[in-house]
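Trainee: Protein chains in written order, with this note's numbering: chain B, 1 to 282; chain D, 1 to 282.
Among the clues, some could well be false.
Taking lysine to any residue and the SDA-like style, the derived pairs with C-alpha atoms no more than 20 Å apart in a straight line are [what the hints assert, rightly or not]:
id, chain 1, residue 1, chain 2, residue 2
1, B, LYS45, D, ARG8
2, D, LYS54, B, ASP48
3, D, LYS225, B, THR4
Hints in this document: simulated from the structure, not taken from any laboratory.
2 protein chains.
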Amino acid sequence: MTITGSTRVYFVIADPIEQVRAPELFNQVFSMYGVDAVVIPMNVKAEDFDSTLKALFRAPNVDGVFLSIPHKPAALSVADRCSKLAKVAGAINAVRRAPDGALEGDLFDGLGFIKALDNARIGYAGKRVLLIGAGGAAAAIAVALAACGTAEIAIFDPAGDKAAQLGARIADAFRTDAHVATSNDPAGYDLVVNASPLGMKQGDPIPFDVARLDAGAAVFDVLMKNQPTPLVRAARARALIAEPGFEMLIQQAPLYLRFFGLDEAAAGIENDASALREMIYP
Amino acid sequence: MTITGSTRVYFVIADPIEQVRAPELFNQVFSMYGVDAVVIPMNVKAEDFDSTLKALFRAPNVDGVFLSIPHKPAALSVADRCSKLAKVAGAINAVRRAPDGALEGDLFDGLGFIKALDNARIGYAGKRVLLIGAGGAAAAIAVALAACGTAEIAIFDPAGDKAAQLGARIADAFRTDAHVATSNDPAGYDLVVNASPLGMKQGDPIPFDVARLDAGAAVFDVLMKNQPTPLVRAARARALIAEPGFEMLIQQAPLYLRFFGLDEAAAGIENDASALREMIYP
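Please build the complete structure, drawing on both the sequences and the hints.
Mentor: In structure tokens, the structure reads:
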């Protein structure tokens, strides 16, 4: 990759910044498919987010911005337009400049999750899902599940308010029975998703009682680090399908690329994501 | 070069942007000396310059900005501090964040010119110099010559006001006899510098009468494109030393690197600039 004055520029904005993977992943993709563009990490504090995002997009050679923690919710009020998924989930993770100059946002975390389910042949249309957590990742996942025809989403979160609000937003926008789960008992669900931070730290309890999972139920643990987590290991010990979070990231890549108009690179990754998997999987 | 979330970020800001060489040159240097940093082109319009420069420096992972046309004079009012050379020349071409958070600017065009003279063994201390042009390049060169002990600088420019103002600023700040040249006659000067655009376009007249150069005089033509220019060719036909502008660019590289605290890379380039010369020289 040689960066010249003609190279198109993308940023990933986050705080902290060190852990972002978008530069490595997308610069590798750009290099593989001959896209003269580069993704650059930009450490932006919450209080500077609005002004910095606008300043970056005033540069005509900047084509897009990836958003990471903590900026995804704030982007909703800076973008001029966004998708229904982003609006209901209350977050944006990608912004582009539309032909009319407006800033358009979308959210691909949840769609990446759906594609990761497809990849693992885990069903969700017409199914009952228990979702552990009601934060940003959970919201993106719940909204994407609802948009893709999941029949019921029960949301369990120790902070009951957040689960209730998320359930109400989804039930309002989609035909899905989205509501608070009064316990984390996984019995009776087709798919149980851990979208909480439980499992990030050593010694965290397993988020629910794996022994109570139905035979034939599937588990998805969105965590990337410390995989396979105790949850994934316990579910697999019961011979259940249990997927770690990596594939969510892999499956998001072509969605971002299409959003930014890089269709050829997107098609390439859809056809063969092995180079990305080699970078992500431990 | 692999860009990760920990990579330090530099920008080159210009309008237009396509012609900037800093990304190629400095990313090559970073790669050669193991500096985990990247230089990115940023196309910024004049009216957005102040706000964008400030926004970029609010990102803690941004360490520096290179400035090119048309932003060098405007940077003087955005920077909190600058060198005497930058102040007298009225332009800044590099900005860094000081430990106290202030933005510090400096101008290396003129010092790069001085080092290019050193490289070509062309003397300037105590000498008489005729400078053709009174624009940004001419100002940077004149100020650096004055700072480095040139005895007399005569400035010739069709727009007489600019030459007079530049001469007055230099005479005020340094012990050099800097003044307007009433003609472009090179007779009597030790060194004649073309810092005007004459020679950029095919069919441009030669900026002064080469036949009138003293025996033993030297010529420096700051132009990079279309080298050797008719001026350089005519002076060489008289067996005079005549240098094209490339080396000014090469010799600036270690100055920028030291300004940004990248001393090891600077020492490497000072020791052996052959990789940079291969990129620049036609």
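Trainee: Compare the structure with each hint and give your call.
Mentor: Taking the hints in turn, this is what the structure says about them:
| no. | hint | verdict |
| --- | --- | --- |
| 1 | B:LYS45 to D:ARG8 | holds, 16 Å |
| 2 | D:LYS54 to B:ASP48 | holds, 11 Å |
| 3 | D:LYS225 to B:THR4 | holds, 18 Å |
When the structure is compared with the earlier hints, no violation turns up for any of them.
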